[in-house]
Amino acid sequence: MTNSDGLSHRLRGSQQPASESKPRDALFVGSVEKAFMVLEAFRGHSSLSLSEVAITTGLGKSAAQRFCHTLVELGYLKRDPRSRQLKPALRLLELGFSYSISEPIISAAAPFLLRAREKSNKAVNLAQPRGTDVVYVMRQTYEDSPYGNPPVGGRVPMFCTASGRAYLSALPQEECDAILAQSPLQPFTPHTLTEVDELNAALDVARKRGFASADQECIVGERTIGAPIYDRFGRVIASMNICVYGNDWTMAKVEKNYADLLLQTARQISEAVANNPHFS
Numbered sequence: 005m006t007n008s009d010g011l012s013h014r015l016r017g018s019q020q021p022a023s024e025s026k027p028r029d030a031l032f033v034g035s036v037e038k039a040f041m042v043l044e045a046f047r048g049h050s051s052l053s054l055s056e057v058a059i060t061t062g063l064g065k066s067a068a069q070r071f072c073h074t075l076v077e078l079g080y081l082k083r084d085p086r087s088r089q090l091k092p093a094l095r096l097l098e099l100g101f102s103y104s105i106s107e108p109i110i111s112a113a114a115p116f117l118l119r120a121r122e123k124s125n126k127a128v129n130l131a132q133p134r135g136t137d138v139v140y141v142m143r144q145t146y147e148d149s150p151y152g153n154p155p156v157g158g159r160v161p162m163f164c165t166a167s168g169r170a171y172l173s174a175l176p177q178e179e180c181d182a183i184l185a186q187s188p189l190q191p192f193t194p195h196t197l198t199e200v201d202e203l204n205a206a207l208d209v210a211r212k213r214g215f216a217s218a219d220q221e222c223i224v225g226e227r228t229i230g231a232p233i234y235d236r237f238g239r240v241i242a243s244m245n246i247c248v249y250g251n252d253w254t255m256a257k258v259e260k261n262y263a264d265l266l267l268q269t270a271r272q273i274s275e276a277v278a279n280n281p282h283f284s
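According to my numbering, the stretch in the sequence shown is residues 5 to 284, in order.
Keep in mind the hints are simulated off the structure, nothing from the lab. Bear in mind that the values here come from a model prediction, so they are computed numbers and not experimental data. Hints may be right or wrong, so weigh each one.
The calculated label-pair distances, taken between Cβ atoms and stated as ranges, are [claimed, not checked]:
| hint | residue 1 | residue 2 | range |
| --- | --- | --- | --- |
| 1 | 257 | 204 | 19 to 29 angstroms |
| 2 | 115 | 190 | 29 to 39 angstroms |
| 3 | 255 | 198 | 15 to 25 angstroms |
All C-beta atoms, glycine included, are put in the ideal place defined by N, C-alpha and C.
With the sequences and hints as input, model every part of the structure.
In structure tokens, the structure reads:
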């Protein structure tokens, strides 16, 4: 596992099981759920052994073997012929592409995110909520980023990220409180805020300013600011952030240089969403 794989695995510690604890009904197909449990076991891992798949999913080794074999035959997993390790296959990316072209906020946000990236020369991301996390559905990196080309689909906790806090700050208070109550408030760096009182204070500041910040709370050296994105009814549906890396930056400097651009871009995306007939 690479360093980036390990970080991704840690940041996904708050994710829900594959079933998301949804109630069962007569139409629910348990074997389909188990197949997706196998695929979701690869979050944060470049490869897994059959035993690791079984342990991660809670399936017996025989059942895990059958599901993995089927998914290899279908083209969603591949097996290294020498190590016998299992890896995600190209067909999974095709499914992600289907989402990207069908989700209207991505097409609405794309030109504004690109413009913000060009004006700031910093990483710019679009995120949508999932459970107690946000998922990055569009990423614009920059040449000095230490993380190369971070992939779309990365999932990080709301409570300690600027994009997540921006989303939380725009929710009704009871919804915000419920997400924080369900979040495993674990520290990812020495700078991570994990006390509810501290987090609520940070969210109060975000509500007053219109944007949230996170100072090295997920990754040491990363300072980021994020703003909510709204639909035509004023409901928060996503968030965006601008990320800066390096010890020569302070949070105050990031906010001074990029807060206006962040707020302008988030406002432009919200207006594009409001004018898009594909949004309900």
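Hint-by-hint comparison with the structure:
Taking the beta carbon of each, residue 257 and residue 204 are about 26 angstroms apart, inside 19 to 29 angstroms as hinted. For the pair residue 115 and residue 190, the beta carbons lie near 37 angstroms from each other, so the given range of 29 to 39 angstroms is met. Checking the proposed 15 to 25 angstroms range against residue 255 and residue 198 shows it holds: the Cβ atoms sit about 18 angstroms from each other.
When held up to the earlier numbered hints, the structure conflicts with none and fits them all.
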